[in-house]
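Q: One letter stands for each residue in the lines below.
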Amino acid sequence: MTIKWEESVPSNASLVGFAPTDFRSVWTSVAEGMAVEHFWPGSGGASFASAGDLLPGASRMFTGSRSASSAPNSQMTGRLFLDNTNGRVYAYESAGTYLVGSMWNEESRNPTLGSNVFFMRQSGALTGVPTGSGATIVAFPVPFANVPTVWLTSSSNSWFFTLFSSTITDFTSMRSSFAGAASTATMYWEAFGTVSLSSL
Amino acid sequence: MPNWTDDLVQGTSAASAGDDELRSFMTQLASGLSPSFDWPGSGGGATADAGKSKLGNARCAHSNAVTGGYPDGYLRLNPTRAALMHIGTPPTVVGHSSMVDYNLGAIVPGFQRWVRQSGNSQLYSSGSSFGTINISFTSTYDATPVFLQVVTDTGGSGVSVGPLMNVSSVSAGGFSSSWSFLGPLEGSPRIHWESFGSITV
Chain W
1 MTIKWEESVP SNASLVGFAP TDFRSVWTSV AEGMAVEHFW PGSGGASFAS
51 AGDLLPGASR MFTGSRSASS APNSQMTGRL FLDNTNGRVY AYESAGTYLV
101 GSMWNEESRN PTLGSNVFFM RQSGALTGVP TGSGATIVAF PVPFANVPTV
151 WLTSSSNSWF FTLFSSTITD FTSMRSSFAG AASTATMYWE AFGTVSLSSL
Chain H
1 MPNWTDDLVQ GTSAASAGDD ELRSFMTQLA SGLSPSFDWP GSGGGATADA
51 GKSKLGNARC AHSNAVTGGY PDGYLRLNPT RAALMHIGTP PTVVGHSSMV
101 DYNLGAIVPG FQRWVRQSGN SQLYSSGSSF GTINISFTST YDATPVFLQV
151 VTDTGGSGVS VGPLMNVSSV SAGGFSSSWS FLGPLEGSPR IHWESFGSIT
201 V
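Sequences listed follow chains W and H, in order.
The first sequence: position 95 = 95 (this note's numbering), numbered continuously.
The second sequence: position 182 = 182 (this note's numbering), numbered continuously.
By construction, these hints were calculated from the structure, which means they are not laboratory data.
Hints are not guaranteed to be accurate.
What the hints assert, rightly or not - Derived CB-CB ranges, DEER-like:
id	chain 1	residue 1	chain 2	residue 2	range
1	W	T172	H	D72	37 to 47 Å
2	W	P143	H	A48	51 to 61 Å
3	W	T172	H	A61	21 to 31 Å
4	W	R109	H	Q122	20 to 30 Å
5	H	T80	W	R109	26 to 36 Å
6	W	A71	H	T138	35 to 45 Å
7	H	D142	W	S43	45 to 55 Å
8	H	T138	W	M1	40 to 50 Å
9	H	Q122	W	A71	49 to 59 Å
10	H	T5	W	P56	32 to 42 Å
To be verified - To spell it out: a stretch of chain W is covered by chain H in this simulated footprint if at least three of its residues, at any positions, have a beta carbon under 8 Å from a beta carbon of chain H; those stretches are:
id	stretch
11	31-41
12	100-106
13	145-159
Every residue gets a Cβ at the ideal spot worked out from N, C-alpha and C, and that includes glycine.
Looking at chain W on its own, in the form it has when it is part of the complex (with noise of 0.2 Å):
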């Protein structure tokens, strides 16, 4: 879009009767120029309701190597910043710096997505697992809102533990330890699956 932009005419030698051709040039100029990237009424073609609202798409990050992204300051809160030699994506705020965004991020297909929801892998060790058999109830720090997959792994080749159940804010564990087992064992374990975002 190109406009007509003459900050020099009016002149102080220009007729006072070209006054309302001139004025209407330099609103014909802004409608058009703002039209761009804005919703702007008038030779904009846009709704006086909607007048400076950003188009879709109309705002651009900045971009640059990683070395480019400055120090953030009150200026720079809720900019965003494309590393673009690294696909890295990061919001600034006055006191921080965010990554939200990586071409390396992970996806998950499996299970659907829904909404309101993201994936959450949580993790932990239960300490001091007894001798013998018996089972062990272990809650979530954050309530999964579908029942989650969860991975058991001994510390000790003397233990063997097996998911029993699992539920959206628990899971119980079996434990049989094989003859000869001393002391006491670390069980780790691992979910993965949905929460919702309000469980935050």
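Assemble chain H onto chain W, guided by the hints.
A: Just chain H now, with coordinates in the frame of chain W:
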């Protein structure tokens, strides 16, 4: 923008001042727009680029809310959850500081992505205490996935040990696992699996 006076032109203003005021208006407007948009004249841009967004003018909303405040398409930086979220219906996390980032060079940026798939299946339907199960991935990988893990549950009340199993073979489309009970055949155990590899977009 050095100066912007809404009531610069009064009803009593001299008509002869009109040209000065219009020039001032154009200068101020160009100066005010130019930090975020290309604009000619005092804005320093080309007339052909007038109105275009400058790099870096994107600015998302900033609050601790999860929903509301803006319609579809707007973004919010939520500092409490360290997340970039799509505002609208439905609200969606589009980026998160705690997300898993695989700084691996095995993918072609822009054309491939890392994909994790998981699932579970009933391990057997017959009365045999050992056997093999074949699992197909929901989406076929570009090549054999770089990671695969399997585990079984006990599959029933009073059962304390699930069957042992391995990964007999794995390909881009799926895998096979052989399983065997340690003790008597009991319960209805399921296999739980998780795979990770690249898929072309």
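Q: Are the hints correct? Go through all of them and say.
A: Right, here's what the structure says about each hint:
A hinted range of 37 to 47 Å for the beta carbons of T172/W and D72/H is consistent with their spacing of about 42 Å. At about 56 Å, the beta-carbon gap between P143/W and A48/H stays in the expected band of 51 to 61 Å. A C-beta distance of roughly 42 Å is found between T172/W and A61/H, which places it outside the suggested range of 21 to 31 Å. Remark: the range hint 20 to 30 Å for R109/W to Q122/H is upheld by a beta-carbon distance near 21 Å.
The hinted range of 26 to 36 Å is satisfied by T80/H and R109/W, whose Cβ atoms lie roughly 28 Å apart. A beta carbon spacing of about 43 Å between A71/W and T138/H agrees with the range 35 to 45 Å that was offered as a hint. For D142/H and S43/W, the hinted distance range of 45 to 55 Å is satisfied, since their beta carbons lie about 50 Å from each other. Restraint check, T138/H to M1/W: a C-beta distance of roughly 46 Å satisfies the suggested window 40 to 50 Å.
Evaluation of the 49 to 59 Å hint for Q122/H and A71/W yields a pass: the beta carbon distance comes to about 56 Å. A hinted range of 32 to 42 Å for the beta carbons of T5/H and P56/W is consistent with their spacing of about 34 Å. Residues of the stretch 31-41 of chain W lying with their CB closer than 8 Å to a CB of chain H number 7, which satisfies the three-residue condition for coverage. With a threshold of 8 Å between beta carbons, the proposed coverage of the stretch 100-106 of chain W by chain H holds, since 7 of its residues qualify and at least three are required.
Counting residues of the stretch 145-159 of chain W whose beta-carbon sits less than 8 Å from any beta-carbon of chain H gives 4, enough to reach three: the coverage restraint holds.
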